[in-house]
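> Residue-level listing of the chains:
2 protein chains.
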Amino acid sequence: MDNKPVPDIVVGRLPIYLRALTFLKTEHREITSSQELGDRLGISSAQIRKDLSHFGEFGKQGTGYDIRHLEANLKQILHVDRMWDVVLIGAGDLGHALANYRGFAGRGFHIAAVFDKSGDKIGREIVEGLVVEDVVTLSERVKQVGWKMAIIAVPAEEAQPVANTLMEAGVKALLNYAPISLMVPSGIRVEHIDPAVHLQHLTYYLG
Amino acid sequence: MDNKPVPDIVVGRLPIYLRALTFLKTEHREITSSQELGDRLGISSAQIRKDLSHFGEFGKQGTGYDIRHLEANLKQILHVDRMWDVVLIGAGDLGHALANYRGFAGRGFHIAAVFDKSGDKIGREIVEGLVVEDVVTLSERVKQVGWKMAIIAVPAEEAQPVANTLMEAGVKALLNYAPISLMVPSGIRVEHIDPAVHLQHLTYYLG
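First to last, the sequence lines map onto chains A and B.
Residue numbering for the first sequence follows this note's numbering, starting at 1 and increasing by one per position.
Residue numbering for the second sequence follows this note's numbering, starting at 1001 and increasing by one per position.
Simulated from the structure, these hints should not be mistaken for lab results.
What you are looking at is a predicted structure, and each value in this text was computed from that prediction instead of being measured.
Just so you know, even glycine gets a beta-carbon here, dropped at the ideal spot from N, CA and C.
Wrong hints could be hidden among the right ones.
Taking beta-carbon pairs under 7 Å as the criterion, some of the chain A residues facing chain B (in silico) [said to hold, decoys possible]: (1) GLY12; (2) ALA97; (3) GLY103; (4) MET167.
Pairs of lysine to any residue residues, derived as SDA-like cross-links and limited to a Cα-Cα distance of at most 25 Å, are as follows [claimed, not checked]: (5) A:LYS4 / A:PHE23; (6) B:LYS1143 / B:GLU1125; (7) A:LYS143 / A:LYS50; (8) B:LYS1050 / A:SER33; (9) A:LYS4 / B:ARG1040; (10) A:LYS50 / B:LYS1025; (11) A:LYS4 / B:ASP1120; (12) A:LYS25 / A:LYS4; (13) A:LYS50 / B:HIS1079; (14) B:LYS1148 / B:SER1181; (15) B:LYS1025 / A:ARG141; (16) A:LYS143 / A:HIS198.
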């Protein structure tokens, strides 16, 4: 553990370790090892130990990791020991899928509001208790409520303007599903979800 | 360049480099550098040079990378210098979004068939020319056509049985959207798309 910033690539693996630990807990397991985690995740055990060593001393030689303890620590490191409200932009097919996604519950996230530009969608309930709002009110609403995270699920040509509106209104972190690379100033974090990237990762091995 | 297998983590970055190169080409650029790519992608230039060095000598000191040349090489390395048929399981909101996703075209992938178990969906056209088929015929159809890749967009509790059917029928690579970790034998590749993982990566920085 030192004071240098942890490489982003290491940070990106922590949620994957956290997911694996949570899964092991559902199997009523109490202890695991970097070897077992590595086998499950396709990451070397040495890499896992090195990644975790940036944040402290979590395992003991020969006894492994206490699953609950490491899980709690990772939640704290990733700041998901609390709930985050997330704004969703886009109430199309993908927006519906995300609003209904059961993988957010228990992992720190709650879809707090949904916006769309289409008159067909505005005013409709996308899931129980969540009514689609008009995207023209997005900036005002974000400023008023102070949301810091957003998911962009709009067509490619609308993604950058929507991102600009969000950032101007104070959003600091974007998860982008549109098939373009968003340009953002420093200080703003973006993650892209791009299924073609994952499929290309797979075809490498298919030859 | 040596004969050791390239680390999977390096392989996983190649599609991201490829996407950035394709984007630069749309800006009519001809030459780039590891520094520029790194700045755009939030990866160090040293990492990019090291990653690419696994596959050959693509840049020259002081002149950088020829964008078209490197792009063509990465397509070949990732085996997306050809088109891959992909089977989609699940014709719900997410399945609709994927069937309509415009980010596959030009990147090596084509949704060749869609399956669902719901009588409401079977027989309907999900996009032009693509009719939802009954999942009970999945195994037979996969064996008959010889599809090697599939996208799983079904609810969590159905994902493992669907994956098992696909693998038994000869599918070698799975892209899973369900919020569970699929168990697969060695020799089968899986990628998970999990928005909570990306959101947790973001909250690390929000603190």
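> Hints the structure violates: just list their numbers, smallest first.
Structure breaks hints 4, 5, 7, 8, 10, 11, 12, 13, 15 and 16.
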